[in-house]
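Undergrad: Each chain, letter by letter, is given below.
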Amino acid sequence: MSHTHTHGNPGDTHHKAAPMVEEITDYEVLEIAVRELAIEHGLFTAEDHRKFTEWAESIGPAAGSRLVAKAWTDPAFKALALKDGLTACKEVGVDWAEPTGVGTPSDYMEFHLLEDTPTLHHVIVCTLCSCYPRPLLGMSPEWYRTTNYRRRLVRWPRQVLAEFGLIVPPEVEVRVEDSNQKCRFMVLPMRPEGTDNWTEKQLAEIVTRDCMIGVALPKPGRTADVHPIQKARRPVKSSAEEPANE
Amino acid sequence: MKKSKSPDASDALFEVGDKVRVRDMPYMFYTRSQLYTRGVVGTIAALTYKDLIPEEEAFNFDGRIEQYYIVRFRQKDLWPGYAFDNDTLQTECPHRWLEPATN
Numbered sequence: 001m002s003h004t005h006t007h008g009n010p011g012d013t014h015h016k017a018a019p020m021v022e023e024i025t026d027y028e029v030l031e032i033a034v035r036e037l038a039i040e041h042g043l044f045t046a047e048d049h050r051k052f053t054e055w056a057e058s059i060g061p062a063a064g065s066r067l068v069a070k071a072w073t074d075p076a077f078k079a080l081a082l083k084d085g086l087t088a089c090k091e092v093g094v095d096w097a098e099p100t101g102v103g104t105p106s107d108y109m110e111f112h113l114l115e116d117t118p119t120l121h122h123v124i125v126c127t128l129c130s131c132y133p134r135p136l137l138g139m140s141p142e143w144y145r146t147t148n149y150r151r152r153l154v155r156w157p158r159q160v161l162a163e164f165g166l167i168v169p170p171e172v173e174v175r176v177e178d179s180n181q182k183c184r185f186m187v188l189p190m191r192p193e194g195t196d197n198w199t200e201k202q203l204a205e206i207v208t209r210d211c212m213i214g215v216a217l218p219k220p221g222r223t224a225d226v227h228p229i230q231k232a233r234r235p236v237k238s239s240a241e242e243p244a245n246e
Numbered sequence: 001m002k003k004s005k006s007p008d009a010s011d012a013l014f015e016v017g018d019k020v021r022v023r024d025m026p027y028m029f030y031t032r033s034q035l036y037t038r039g040v041v042g043t044i045a046a047l048t049y050k051d052l053i054p055e056e057e058a059f060n061f062d063g064r065i066e067q068y069y070i071v072r073f074r075q076k077d078l079w080p081g082y083a084f085d086n087d088t089l090q091t092e093c094p095h096r097w098l099e100p101a102t103n
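Chains A and B, in that order, are what the protein sequence lines are.
Residues 1 to 246 (the working numbering) are what the first sequence spells out, left to right.
Residues 1 to 103 (the working numbering) are what the second sequence spells out, left to right.
Chain A extracted, bound-state conformation (with noise of 0.2 Å):
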């Protein structure tokens, strides 16, 4: 390199703003090559796929939400669910099947509820990829197919999930379900205390998503699956910046 690094220097007026990049993976060309051969030959049309992208992107994890609220509050429910989840989805108004007949891609008609006890505690993962209850949950979140996540949540379940806030006693068993062929699981929590009189929507609105990964557990008064962002200690000043008098 020919020139000399000066960052933080007073004076330092060089540095310029690092340009926009757009970073494209073979595989997102490979996905535009095969979708734009698709839109020619008339499998769909570009319209189609615009719909059934915004479709897919549109789904929350509100029915898995109301999934478990209604598995806390009605026992025939609940066996149900544990038996036989995909007719279990259908009472809270989601058909594995949408929107082909045979589910969207990559999600498959295997669905299983994990139950979680007071000596066992499940948490989900797909070491593979993204493997995840859509359906029922929406898109994963970006931490859930991080290589980070994925390759430690394995071997190390007690520290990440300590990494979430979830510190789960020595006592209590931890169970990691790897999601790496067709089935989809999603978790029950066990229903916390001082809920007693809830109704199931109000219920509905501590079941989070992380609680049904396995990440949090629902409690009172928890209602979002914050991560707060801590504020830098001391934060770096860009060249634009006076340095700070200290």
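Since the hints were made in silico from the structure, they are not lab data.
Keep in mind that this is a model prediction, so the values were computed, not measured.
Accuracy of the hints is not assured; some may be wrong.
Far from chain B, some chain A residues (derived; all Cβ distances over 12 Å) [stated by the list, open to error]: (1) 58; (2) 60; (3) 110; (4) 131; (5) 157; (6) 165; (7) 170; (8) 175; (9) 183.
So the derived label-pair ranges between C-beta atoms look like this [claimed, not checked]: (10) A:74 <-> B:29: 42 to 52 Å; (11) A:159 <-> B:16: 23 to 33 Å; (12) A:73 <-> B:64: 36 to 46 Å.
For every residue, glycine included, the Cβ atom is placed at its ideal position computed from N, Cα and C.
With chain A fixed as given, assemble chain B onto it according to the hints.
TA: Frame of chain A, contents of chain B only:
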């Protein structure tokens, strides 16, 4: 081509509670049987469905239909030095990736 000794769908199915070992087989280009389970003994937790195996389906080859299982492993058996005796891990395997185990 001579048939390999690997099992096929005609083999007797495993039952829930059976001890199985994940085979350490070679594969061409694609598999969904994770390396970290190879050679490890687990217990059949459930029989799930019958389907094509990933090694064939990935290339749109309509091969044989096989039984899939959910297999439960003790984390201590998967990872040396794992500190919690009771912790477990479950994953799915098609029939041909499993063989009977005694311990």
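Undergrad: Indicate, hint by hint, whether the structure satisfies it.
TA: Hints and how they fare:
1. Separation of residue 58 (chain A) from chain B is adequate, the least Cβ-Cβ distance of about 29 Å exceeding the 12 Å criterion.
2. Non-interface call for residue 60 (chain A) relative to chain B: holds, since the shortest CB-CB distance, roughly 27 Å, exceeds 12 Å.
3. Some Cβ of chain B comes within 12 Å of the Cβ of residue 110 (chain A); the nearest lies about 6 Å off, and the non-interface call is violated.
4. For residue 131 (chain A), the requirement that its beta carbon stay farther than 12 Å from each beta carbon of chain B is not met, with the minimum near 10 Å.
5. Not every beta carbon of chain B lies more than 12 Å from that of residue 157 (chain A), the smallest distance being close to 7 Å; the non-interface claim is violated.
6. In this structure residue 165 (chain A) is separated from chain B by more than 12 Å, as the shortest Cβ-Cβ distance comes to about 19 Å.
7. With a cut of 12 Å on Cβ distances, residue 170 (chain A) falls inside the contact zone with chain B, its closest approach being about 6 Å.
8. Residue 175 (chain A), annotated as away from the interface, has a beta carbon of chain B within 12 Å; the closest lies near 5 Å.
9. Distance to chain B contradicts residue 183 (chain A) as a non-interface residue, since its nearest Cβ pair spans about 6 Å, not more than 12 Å.
10. About 47 Å separates the C-beta atoms of residue 74 (chain A) and residue 29 (chain B), a value consistent with the hinted range of 42 to 52 Å.
11. At roughly 31 Å, the beta carbons of residue 159 (chain A) and residue 16 (chain B) sit within the given window of 23 to 33 Å.
12. With their beta carbons about 45 Å apart, residue 73 (chain A) and residue 64 (chain B) fall inside the hinted range of 36 to 46 Å.
This entry does not satisfy hints 3, 4, 5, 7, 8, 9, going by the numbered hints stated previously.
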